[in-house]
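Engineer: Now for the letters of each chain:
There are 2 protein chains.
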Amino acid sequence: MSREGAVGNKPKGPLSTTSTPSHFHNERQLLAPTETGMARLSLTDADAKVRKWFAEEVQKLGCALSIDQMGNMFARQSGSKKSSAPMIAMGSHLDTQPRGGRYDGILGVIAALEVLRTMKENNFKTNYDVGIVNWTNEEGARFPKSMCSSGVWAGAIPIQKAWDLRDIHDPNVTLRSELERHGYLGDIACSSDPATGFTLGAHFELHIEQGPILQETGRSIGIVQGAQGYRWLTVTVKGKDAHTGTTPLSARHDAMLAASKMIVASNAIAKRHDALASTGIIRVPSNASTNTLPSDVTFTLDIRHPEDRAVHAVQEEFLKAFATISSEDGRGVSFDWTLDTDSPAVKFDQGCVESIKAVADHIVGPGKSMYMTSGAGHDTVYTSKHCPSAMIFVPCRDGVSHHPTEYCTPEDCALGTQALLEAVVHYDQTRAKTANGI
Amino acid sequence: MSREGAVGNKPKGPLSTTSTPSHFHNERQLLAPTETGMARLSLTDADAKVRKWFAEEVQKLGCALSIDQMGNMFARQSGSKKSSAPMIAMGSHLDTQPRGGRYDGILGVIAALEVLRTMKENNFKTNYDVGIVNWTNEEGARFPKSMCSSGVWAGAIPIQKAWDLRDIHDPNVTLRSELERHGYLGDIACSSDPATGFTLGAHFELHIEQGPILQETGRSIGIVQGAQGYRWLTVTVKGKDAHTGTTPLSARHDAMLAASKMIVASNAIAKRHDALASTGIIRVPSNASTNTLPSDVTFTLDIRHPEDRAVHAVQEEFLKAFATISSEDGRGVSFDWTLDTDSPAVKFDQGCVESIKAVADHIVGPGKSMYMTSGAGHDTVYTSKHCPSAMIFVPCRDGVSHHPTEYCTPEDCALGTQALLEAVVHYDQTRAKTANGI
Chain E
1 MSREGAVGNK PKGPLSTTST PSHFHNERQL LAPTETGMAR LSLTDADAKV
51 RKWFAEEVQK LGCALSIDQM GNMFARQSGS KKSSAPMIAM GSHLDTQPRG
101 GRYDGILGVI AALEVLRTMK ENNFKTNYDV GIVNWTNEEG ARFPKSMCSS
151 GVWAGAIPIQ KAWDLRDIHD PNVTLRSELE RHGYLGDIAC SSDPATGFTL
201 GAHFELHIEQ GPILQETGRS IGIVQGAQGY RWLTVTVKGK DAHTGTTPLS
251 ARHDAMLAAS KMIVASNAIA KRHDALASTG IIRVPSNAST NTLPSDVTFT
301 LDIRHPEDRA VHAVQEEFLK AFATISSEDG RGVSFDWTLD TDSPAVKFDQ
351 GCVESIKAVA DHIVGPGKSM YMTSGAGHDT VYTSKHCPSA MIFVPCRDGV
401 SHHPTEYCTP EDCALGTQAL LEAVVHYDQT RAKTANGI
Chain P
1 MSREGAVGNK PKGPLSTTST PSHFHNERQL LAPTETGMAR LSLTDADAKV
51 RKWFAEEVQK LGCALSIDQM GNMFARQSGS KKSSAPMIAM GSHLDTQPRG
101 GRYDGILGVI AALEVLRTMK ENNFKTNYDV GIVNWTNEEG ARFPKSMCSS
151 GVWAGAIPIQ KAWDLRDIHD PNVTLRSELE RHGYLGDIAC SSDPATGFTL
201 GAHFELHIEQ GPILQETGRS IGIVQGAQGY RWLTVTVKGK DAHTGTTPLS
251 ARHDAMLAAS KMIVASNAIA KRHDALASTG IIRVPSNAST NTLPSDVTFT
301 LDIRHPEDRA VHAVQEEFLK AFATISSEDG RGVSFDWTLD TDSPAVKFDQ
351 GCVESIKAVA DHIVGPGKSM YMTSGAGHDT VYTSKHCPSA MIFVPCRDGV
401 SHHPTEYCTP EDCALGTQAL LEAVVHYDQT RAKTANGI
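Heads up: the protein sequence lines correspond to chains E and P, in order. Residue 1 is where the first sequence starts when you use the UniProt record's numbering, and the numbers rise one by one after that. Residue 1 is where the second sequence starts when you use the UniProt record's numbering, and the numbers rise one by one after that.
Among the hints, a few may not be true.
Said to hold, decoys possible - Dumping the calculated PhoX-like pairs for lysine-lysine here, alpha-carbon to alpha-carbon at most 25 Å:
hint: 1; chain 1: E; residue 1: K271; chain 2: P; residue 2: K240
hint: 2; chain 1: E; residue 1: K368; chain 2: E; residue 2: K385
hint: 3; chain 1: P; residue 1: K347; chain 2: P; residue 2: K385
hint: 4; chain 1: P; residue 1: K385; chain 2: P; residue 2: K161
hint: 5; chain 1: E; residue 1: K271; chain 2: P; residue 2: K238
hint: 6; chain 1: E; residue 1: K320; chain 2: E; residue 2: K240
hint: 7; chain 1: P; residue 1: K271; chain 2: E; residue 2: K238
hint: 8; chain 1: E; residue 1: K82; chain 2: E; residue 2: K60
hint: 9; chain 1: P; residue 1: K433; chain 2: P; residue 2: K82
hint: 10; chain 1: P; residue 1: K60; chain 2: P; residue 2: K125
hint: 11; chain 1: P; residue 1: K238; chain 2: P; residue 2: K347
hint: 12; chain 1: E; residue 1: K240; chain 2: P; residue 2: K271
Treat the hints as calculated values from the structure; they're not laboratory data. Note that the structure is a prediction, hence the values are computed from the model and not measured.
Just chain E, same shape as in the assembly (with noise of 0.2 Å):
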């Protein structure tokens, strides 16, 4: 990058302007100003700031603005072919959590515009088109549904379903009357279909890793071949409730036991396949006390892999373990389960991974990068499906993320644009060629 340092050594205005509350300063000595965190939700009046901020810097760039009927914002900045041919988008979401970070998603979007900045100031062009997108709503806090208007871009969504949506804590607040209070409901479709909507000729995303990886291994750029495939189940186990003191262990149906057991065998299991096996919840009934036995016992299974097939394997083989788990104590506990989520592996386009890999060999060397697999979804799991699309991960510390101390390091981000602007560059230079027949 030329204009050094410009991403992460001095937050801008707007990284600034929305600040969270002053509790957060004291979490950890020493804070630098990008290390407290942001509290950003979906189409509130901050959120509404910072798009008028983003609005501002790319016309000032010269880019055309495109505002869609989700609020999603298209900057499309002219090449030199003055082709048609839809851009080659660098997208990512200006959103936060409640209580997060100042990288995710917030890095995608102002290393994109660091890149267009710096092509200006170099009388640089592509080819073809280039531009950003600000996605709304991916993080889902506000209005809850995460990756929500990637999703309705791509036809999974239903744009009813979203704009219905409402605030979590007002319910006469809806997604679209947000969208329209603050003048985002734009007059062009959410949809990929060239006929009505904004269509997208490739999707680059620059994202913290969200993960420990690139930490613990000393790598500055993960090359994203495509998000993991994950189901989610619920798992109760029914035993009977039963006095502590006075029922022997042989004569037990203990659903706790089993439980237990269960969430143990699935980390075992989940560990020889090289999968990822998680429980967030756990719970027993209300009534539930010391000397009682609970009658029954639910937790989730969150079941990861980056092949549908072994994330299908691990689950059969849960299922038969716990079947086993089941008749081994006392006078045994019977268990149902439910599939609640089911999300299939995706892989990216293996042209936008070999752009990303070929500059990042470049930039910091094969030593420093390694391929990987999403753990988190992004808005480019969707945009994936209609045109090609992969993703940049840069280190975070410690892996944190969603949360106010979640931090990149200034290099980091600094390798992170400089690799998406010369993916952006390699992409479009291949697809150039390729359209000349070279």
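Got chain E sorted already, so can you dock chain P onto it with the hints?
Structural biologist: Frame of chain E; chain P shown alone:
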């Protein structure tokens, strides 16, 4: 028993006056009137009604009735010696859980009444005075302190603390205000002190087992030698919240996995020691979600064994195992624990136990009775601190109690009542022989 089937076959007036809500009746097909439960919370109008009935019944038998300052009712029948020695008591309680059965406590008082009736009808007189105690608020279901008034009597609970207990649903109502309202704030001290309170020469309690052991081993009478020691611990496992999709197993501080392993380990350790270990409650933070590892997990542990040293040894092994588990997976976790309750084991009086053993051999034969240790708390645990005490258990179907379907067959009720009668007579005769130097 000369009065065949008088106990258990058909409910008498007070057993049916306080009927339970009608929806209980639909739980099982063809419920006998004795299987439809009871809701008679301590010192309610329903309790006042059965107390009035009890007072009338014992007065019909010629008993003197004393009420102490906790509303404990002492009915005293003179013996042939006209001795001033404290009476041999048969005691239990007439209050129930809000959704309780018709045997827990009630059987012990009704059987005692039946014993006095049978003696009277047969013109039989014991040497020393015998009588019945109806202990107030044994369940602690309305005023939250179980074995409340035997506890005050034994000096283990300060009377002011007991008086100040508030109705769990109406904080304006105290145990004392209800004693006053119903005229049960008696004029003698609630104490075993012969100078001020109502002292007892012995205390026998017939009670349903509240566990499945008698039923499973085909016995009719349990000769209860004491009560298990138990300790209640709360364990808090501290991990770190993290995204389930982006945090490798090796980088986790997985409190849920560690807590599950601890529960599994506690069961295995208890089994080796022939002890009981149970987890009734487990909690994750309220912001838990399927795709976030909870920052911490809290669970209860209930450890029981008839010997205190075994309870302590088991606890020590638990804590060692927990320390090992804390460092087993990923980045490890830490844990804290608190000792919430420490109730040492209780050994009942050898003389009382031998009286029960002798009569059980006579009534059902040695193959149909067995020595037992009570797993639950009873008023006799407190009386045993101040007078020779022991208990007789009879089977209850499937070990179920504190539930409308709690059930003891008429035959077993009768056998238990017969054992109560004969144990009191045996104890009285042994006492007379000892007094006479035989």
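Engineer: Provide an ascending list of the numbers of those earlier hints which the structure does not satisfy.
Structural biologist: Violated: hints 2, 11.
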